[in-house]
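So the chains spell out like this:
There are 2 protein chains.
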Amino acid sequence: MDVQLSNLKFDSGGLIPAIIQDAAGGQVLMMAWMNRDSLEKTIQSGKTHFFSRSRNKLWLKGESSGHVQQVKSIAVDCDQDVLLIKVEQAGAACHEGFYSCFFREYEKGAGELKVVGKKIFEPEKVYGK
Amino acid sequence: MDVQLSNLKFDSGGLIPAIIQDAAGGQVLMMAWMNRDSLEKTIQSGKTHFFSRSRNKLWLKGESSGHVQQVKSIAVDCDQDVLLIKVEQAGAACHEGFYSCFFREYEKGAGELKVVGKKIFEPEKVYGK
Numbered sequence: 001m002d003v004q005l006s007n008l009k010f011d012s013g014g015l016i017p018a019i020i021q022d023a024a025g026g027q028v029l030m031m032a033w034m035n036r037d038s039l040e041k042t043i044q045s046g047k048t049h050f051f052s053r054s055r056n057k058l059w060l061k062g063e064s065s066g067h068v069q070q071v072k073s074i075a076v077d078c079d080q081d082v083l084l085i086k087v088e089q090a091g092a093a094c095h096e097g098f099y100s101c102f103f104r105e106y107e108k109g110a111g112e113l114k115v116v117g118k119k120i121f122e123p124e125k126v127y128g129k
Numbered sequence: 001m002d003v004q005l006s007n008l009k010f011d012s013g014g015l016i017p018a019i020i021q022d023a024a025g026g027q028v029l030m031m032a033w034m035n036r037d038s039l040e041k042t043i044q045s046g047k048t049h050f051f052s053r054s055r056n057k058l059w060l061k062g063e064s065s066g067h068v069q070q071v072k073s074i075a076v077d078c079d080q081d082v083l084l085i086k087v088e089q090a091g092a093a094c095h096e097g098f099y100s101c102f103f104r105e106y107e108k109g110a111g112e113l114k115v116v117g118k119k120i121f122e123p124e125k126v127y128g129k
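Taken in order, these protein sequences are the chains called B and W.
Each residue of the first sequence is one higher than the one before, counting from 1 in my numbering.
Each residue of the second sequence is one higher than the one before, counting from 1 in my numbering.
There could be a bad hint or two in this list.
Chain copies aren't distinguished; within one or between two, either way the pair holds.
To be verified - In the EDC-like style, the derived pairs of lysine to aspartate or glutamate whose C-alpha atoms are separated by at most 16 Å in a straight line are:
#, residue 1, residue 2
1, Lys9, Glu63
2, Lys41, Asp2
3, Lys47, Glu63
4, Lys72, Glu105
5, Lys114, Asp79
Since the hints were made in silico from the structure, they are not lab data.
Could you build the full structure based on these sequences and the hints that come with them?
Encoded structure:
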């Protein structure tokens with residue numbers, strides 16, 4: 001790993017959270033986990049790669065949907081245990097069809113979370129059934 | 001806990017990551033962890049409260065520095081295991097004196113992380129020595 005990133009603190013499972021932000025609009029798109037390998041692949045390829053804890057494997061964001069994220073910058077927080085990656089998002093970030101995964105908001109007194117995001121695509125058309 | 005938040009997925013340690021974003025400028029300020037109690041206190045008070053894993057206790061952001069965060073909105077991601085909280089930040093978010101904790105960037109080929117953030121205050125003046 002690049003010497004600049006040698007002080008990164010990965011957790012006991014070897015992972016670090018990566019916040020993904022839209023480089024143009026500033027919208028926070030998602031958060032996912034990286035291990036050293038996925039961070040290296042992200043840097044080498046210029047496309048975000050994450051580590052799936054449920055599937056226990058590396059994945060290229062957009063590998064099924066084509067909704068890849070071109071990396072524009074990688075920032076590190078003060079404690080060096082969180083990454084902030086600005087990207088150019090193809091299509092939409094969320095597998096539910098929304099541009100951002102944070103498409104629901106809490107509203108005091110409401111009965112349920114309110115959908116505030118805009119649907120960009122229909123998941124069943126992109127991923128099949 | 002409010003019924004809207006009853007499906008939130010806290011990890012095995014009872015925690016959920018909370019991304020804090022500047023409501024006005026869109027800058028991502030920090031990421032910290034919340035348990036149910038800190039999320040409830042955040043909602044009740046309108047000021048962010050987190051759970052410190054190292055000190056094993058709840059803390060009000062800004063309790064020493066006065067740099068509190070007024071909550072403007074709380075969004076939940078598709079998997080309901082990450083929060084995105086937009087705030088109005090008093091002073092600066094980072095204890096190192098920068099507005100955002102993500103004040104250093106990776107630059108291919110550079111010898112070290114590059115400081116890209118602007119220093120707002122001198123930590124020793126705010127926290128004492």
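Hint check results:
Taking identical chains as interchangeable, the C-alpha atoms of Lys9 and Glu63 are never at most 16 Å apart, the minima being 27 Å within one chain and 26 Å between chains. Taking the shortest Cα distances, Lys41 and Asp2 sit within 16 Å of each other inside one copy (12 Å), while across copies they are farther apart (41 Å). In this assembly of identical chains, the alpha carbons of Lys47 and Glu63 lie at most 16 Å apart only when taken from the same copy (11 Å versus 39 Å across copies). In this assembly of identical chains, Lys72 and Glu105 lie within 16 Å of each other by CA distance solely across copies; the values are 11 Å between and 28 Å within a copy.
Taking the closest pair of Cα atoms, Lys114 and Asp79 come within 16 Å of each other only across two copies (15 Å); inside a single copy the shortest separation is 34 Å, beyond that limit.
This entry does not satisfy hint 1, going by the numbered hints stated previously; all others are met.
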